[in-house]
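Q: Here is what each chain is made of, one letter per residue.
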Amino acid sequence: MKKAARQDSRTVLDFDNISFSYAGEPTIENVSFAVQKGDFLGIIGPNGAGKSTLFKIALGLEKPTSGSVKLFGKKQADFSDWHRIGFVPQKVQFDPNFPASVFEVAAMGLAQKPGLLMLSDEQKCAVKEALHEVGLENQADKRIGELSGGQMQRAFLGRALVAKPDLLLLDEPTTGIDSQQQEKFCCLLERLNKAGITIVIISHDLTFMSYLVNKVICLNRRVFFCGHPKDISKSGALPKAYGHAVHAITHDHEHGA
Amino acid sequence: MLELFSYTFIQNAFFAGTIVAVICAVLGLFIVLRKLSFMTDGIAHASLAGIAAAIALKADVLLVTGTVAFLAALGINRIREKMKISGDAAIGLLLPVGLATGIVLLSLAHVTSVDLMSYLFGSILAITSSDLQFIVIFGAIVLVAVAVLRKQMFYIAFDEDSAKASGLPVSAINYVFFGLVGITVVLALRVAGIMLVSALMIIPPLSALQLKKDFTTTLVLSAAFGILSVWVGIIASYYLGVATGAAIALSSFALFLAASAAKRLKL
Ligand SMILES: Nc1ncnc2c1ncn2[C@@H]1O[C@H](COP(=O)(O)OP(=O)(O)OP(=O)(O)O)[C@@H](O)[C@H]1O
Ligand SMILES: [Mg+2]
Numbered sequence: 000m001k002k003a004a005r006q007d008s009r010t011v012l013d014f015d016n017i018s019f020s021y022a023g024e025p026t027i028e029n030v031s032f033a034v035q036k037g038d039f040l041g042i043i044g045p046n047g048a049g050k051s052t053l054f055k056i057a058l059g060l061e062k063p064t065s066g067s068v069k070l071f072g073k074k075q076a077d078f079s080d081w082h083r084i085g086f087v088p089q090k091v092q093f094d095p096n097f098p099a100s101v102f103e104v105a106a107m108g109l110a111q112k113p114g115l116l117m118l119s120d121e122q123k124c125a126v127k128e129a130l131h132e133v134g135l136e137n138q139a140d141k142r143i144g145e146l147s148g149g150q151m152q153r154a155f156l157g158r159a160l161v162a163k164p165d166l167l168l169l170d171e172p173t174t175g176i177d178s179q180q181q182e183k184f185c186c187l188l189e190r191l192n193k194a195g196i197t198i199v200i201i202s203h204d205l206t207f208m209s210y211l212v213n214k215v216i217c218l219n220r221r222v223f224f225c226g227h228p229k230d231i232s233k234s235g236a237l238p239k240a241y242g243h244a245v246h247a248i249t250h251d252h253e254h255g256a
Numbered sequence: 000m001l002e003l004f005s006y007t008f009i010q011n012a013f014f015a016g017t018i019v020a021v022i023c024a025v026l027g028l029f030i031v032l033r034k035l036s037f038m039t040d041g042i043a044h045a046s047l048a049g050i051a052a053a054i055a056l057k058a059d060v061l062l063v064t065g066t067v068a069f070l071a072a073l074g075i076n077r078i079r080e081k082m083k084i085s086g087d088a089a090i091g092l093l094l095p096v097g098l099a100t101g102i103v104l105l106s107l108a109h110v111t112s113v114d115l116m117s118y119l120f121g122s123i124l125a126i127t128s129s130d131l132q133f134i135v136i137f138g139a140i141v142l143v144a145v146a147v148l149r150k151q152m153f154y155i156a157f158d159e160d161s162a163k164a165s166g167l168p169v170s171a172i173n174y175v176f177f178g179l180v181g182i183t184v185v186l187a188l189r190v191a192g193i194m195l196v197s198a199l200m201i202i203p204p205l206s207a208l209q210l211k212k213d214f215t216t217t218l219v220l221s222a223a224f225g226i227l228s229v230w231v232g233i234i235a236s237y238y239l240g241v242a243t244g245a246a247i248a249l250s251s252f253a254l255f256l257a258a259s260a261a262k263r264l265k266l
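Sequence lines, in order, name chains A and B.
Once you know that position 70 of the first sequence is 69 in numbering that gives the first Met the number 0, the rest is easy, because the numbers rise by one and skip nothing.
Once you know that position 51 of the second sequence is 50 in numbering that gives the first Met the number 0, the rest is easy, because the numbers rise by one and skip nothing.
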């Protein structure tokens with residue numbers, strides 16, 4: 000992709016030649032891509048490919064060893080409009096006995112905004128609306144630890160939606176969600192995307208992805224494919240990206256799939 | 000009963016005790032949820048160095064101890080953050096240093112054990128009006144800070160990583176939080192003493208947590224349990240003639256038992 004094309008004002012997220020290593024072990028090498036406003040981008044790749052790490056770099060939780068990230072045209076370090084980004088991590092580490100209702104967890108999404116003491120009526124409405132979107136409006140008063148795994152996942156999506164973000168970063172949000180909810184979930188994401196929210200989703204579910212997204216990136220340390228999902232199989236990138244890792248991780252299995 | 004309240008020292012005790020109970024229980028809930036309960040004891044022990052220095056230098060005890068505790072709390076946070084040592088281990092690192100410095104200073108200054116007793120076990124009935132001023136001013140600072148940062152501290156206590164990912168200035172808020180804990184421990188020292196600080200900071204939140212409510216309710220309940228233990232403790236100590244700090248600690252524990260029983264019986 001040409002530099003000029005990535006620099007226009009519609010660029011929401013821009014990775015420019017990013018490399019990163021954990022304790023000297025290269026995890027990401029020379030990754031460049033850009034996400035434009037309105038994009039629905041899927042990231043696929045085997046376990047340990049560096050997908051989650053890429054999100055951590057975008058959010059400033061890890062510093063790349065080289066290259067630069069821009070959010071909404073601003074350098075990562077200078078970015079401050081955090082309410083414009085909603086993030087659902089792959090796994091939220093929390094104490095299941097934590098005294099927080101589902102409503103309070105969703106309201107955490109408003110913590111970056113000023114308006115400190117109590118939630119305003121408008122904010123309460125926003126929280127209720129977000130819980131309604133993820134189908135948890137009837138569980139609002141339950142404690143978060145009392146939800147099922149899939150419901151928790153949806154509560155965290157609600158938390159990411161509550162500040163009405165322009166960009167959603169979803170790290171395997173559908174793990175543990177049943178097929179009925181998954182369908183609803185797809186519809187929700189489609190609807191949000193149509194409403195102008197840019198979405199980047201990490202998932203292992205290729206069919207799910209090809210049906211939803213308009214652009215896919217296949218990652219395993221470096222970018223193996225970047226383009227329309229219909230082109231991915233004939234590009235031959237999948238066996239290259241997956242074959243390697245499958246080979247490296249499981250020696251005693253023959254590598255099909 | 001009413002004659003009790005005609006004494007100025009009892010009025011002072013109730014007033015100071017109530018303020019301290021509230022800030023201890025409120026900050027204590029965040030401490031318990033962040034699994035840093037050991038910290039209150041750590042800072043309390045470390046502040047013995049401050050008490051010793053103040054007695055030796057004939058300086059204002061609350062002021063000197065407050066500074067020491069404040070710095071100890073910030074130090075614990077810095078060690079935790081920069082050296083990637085877990086919170087409880089960082090406390091374990093500083094606690095003996097503070098305690099040992101205190102003991103060395105005390106033996107150099109030839110302080111008698113009588114002076115020390117009130118700091119080890121608290122002396123709420125001996126609170127002076129300058130103590131009271133100190134407690135009111137710093138109590139107000141702590142309460143305002145918690146009110147302002149409540150949502151952010153709640154998010155961080157729930158899940159520090161997500162809080163960071165959502166762009167909150169987690170590191171800065173942590174320094175403020177640990178600083179507030181330092182101040183609060185010193186205020187609690189005056190009421191409960193070094194040995195019994197956790198009766199004010201840890202037990203009321205634990206009692207509130209027994210009832211398994213949402214966060215806002217738990218916070219209010221925690222403060223209520225704290226206030227109640229201080230009131231019951233002062234009254235019991237007056238009529239039974241026992242040490243106030245100990246009476247507060249025991250009533251706090253009795254309330255904890257009551258709360259767990261209430262939950263079990265689904266009252
Ligand atoms: N905190 C960490 N410290 C050291 N190494 C790490 C850390 N987190 C991840 N790694 C390593 O970095 C590599 C990429 O991890 P990452 O979590 O980004 O993979 P992923 O593509 O999200 O995988 P998955 O599909 O399993 O979620 C892995 O090899 C992993 O072992
Ligand atoms: Mg991952």
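These aren't lab readings, by the way, just hints derived from the structure by calculation.
Even glycine gets a Cβ: it sits at the ideal position worked out from N, Cα and C.
Hints may be right or wrong, so weigh each one.
Said to hold, decoys possible - Here are some chain A residues pointing at chain B (derived, C-beta under 10 angstroms):
| # | residue |
| --- | --- |
| 1 | K55 |
| 2 | T64 |
| 3 | D80 |
| 4 | N96 |
| 5 | L109 |
| 6 | L118 |
| 7 | S119 |
| 8 | A162 |
| 9 | L166 |
| 10 | C185 |
| 11 | F224 |
| 12 | P228 |
Q: Going back to the hint list, which numbers does this structure go against?
A: 2, 7, 9, 10, 11 and 12
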